[in-house]
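Student: Here the working numbering is used: the first residue of the sequence shown is 34, the next is one more, and so on.
Hints in this document: simulated from the structure, not taken from any laboratory.
With a Cα cut of at most 27 Å, we get these calculated DSSO-like pairs of lysine-lysine:
1) Lys54 x Lys66
2) Lys54 x Lys99
3) Lys132 x Lys66
4) Lys291 x Lys487
5) Lys339 x Lys370
Computed Cβ-Cβ distance ranges for the label pairs, DEER-style:
6) Asp337 x Arg172: 31 to 39 Å
7) Asp337 x Arg53: 55 to 63 Å
8) Pro276 x Asp182: 41 to 49 Å
Quick reminder that beta carbons are idealized off the backbone N, C-alpha and C, glycines included.
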Amino acid sequence: MSNEFSGYSATALMDGYARRKFSPVEVLQNALKIIEERQPFLNAFCLVDPEVGLDMARQSEQRWMKGAPQGLLDGIPVPIKDTSVVRGWPARFGSLTQKNATPAAEDQPMVARLRESGAVFFCKTTAPEFAWKGITDNRLTGITRNPWDVSKTPGGSSGGSAVAVAIDVAPIATGADGAGSIRIPASFTGIYGIKPTAGLVPSYPSPLGSMAVVGPLSRSVEDAALMLQVISQPDPRDSFAAPFQRHAYPLALDGNIKGLRIGLSLDLGFDCTSSEVAAAILEAATAFRALGATVEPVTLDLSDAKEAFETLWAVGFTEILGRLPEVDLPMIEPALKRQIDVARNLTGMDVQRARRMCRVLSARVQSVFEEYDLLLTPTLPITAFEAGQLTPDHDQFPNWWDWTPYTWPINLTRNPAASCPCGFSKSGLPIGLQLVGRWFDETTVLRASYAFEKSRF
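Put together the whole structure using the sequences plus the hints.
Tutor: Structure (structure tokens):
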């Protein structure tokens, strides 16, 4: 089908609203048509509510007609990940146990900030059960597929949101990232995604603590910066959020990275990057140098972090599953349910050792930033593989976290990190690079991402 608003950024859409070239209602109607056309093949949406969406779009249209937009995203359609809580909609978390969930009474902080900004809510996107893994399928809604090749996975756990952005349903969508869940699908679907520093964006409730954060998926860096500006506003419900500091992320996107110092690691000590991915990252490094940055190899080994991650992941999801009635446990995906067995075999000392390891890893990563402004790595060592499979190769990658070794360590260290599209494999599948920054230095991550994006398009 033809898409009248293909490639439009959020800023371009709002410029069109202001000039009365088109309206939020027309943009939403176009988005609903795309969903109708593509959903049977991609299965990226678990709830579509045209009535609510059109009502919000009409209200936005009236504000624009009066020349009084409500906020930075007024009239922009924003798909919401199923694990996010939206007032008036059920949050099913991709789980059969939540099939009959009742509509939520209030918005979680990120959703509340988006609503206040005038964003239009009209759908929720698919996620694996309780967002526990790096692909997107579940027993409730089935398998979500990659628009670049429907036989492949879009990654996860924010796979539905990534697909929504990749097929032009909306310029931005919400994601959450506890082990790479924004960056993994961004890499596999050829879009942009940024995991903020833990504590920057208020999040409540958050059973994984500082490991899990919420953030944007987008077609452009500019739109991610705009959304981050909105959702990083304070919320009293999150007692672990950092003290609020006013940022103007979009204003930092000047395209100038001359003098920026970037450390480069192709594998973070895990030694599993495919040759195609490595070649794309080295080409990206050349592009950064051409933009005036210094890019140098660094030695950084995080391969001893796996046990700590496995421990904290099992404990976190056992806490989530522990809230369910015993009678519901047979409905849980077996691989997820096994996390309970893992956690039951852990001691308090095991958990304490894992937490201590996080501090060791953090110190190791922060030492890189004594000399460099950013760390450049692949987002993933591979490109998208067969949909419905937990791992592309059980011998090389026994678990899903074995093929995502460059994302989840950064959740343990709490640094901001973005995935930027940087090329394609010989088979035409997207490849992503990862930029990691200092704590709370999203500005530099976004600025470098923007400069790289503009150098390619």
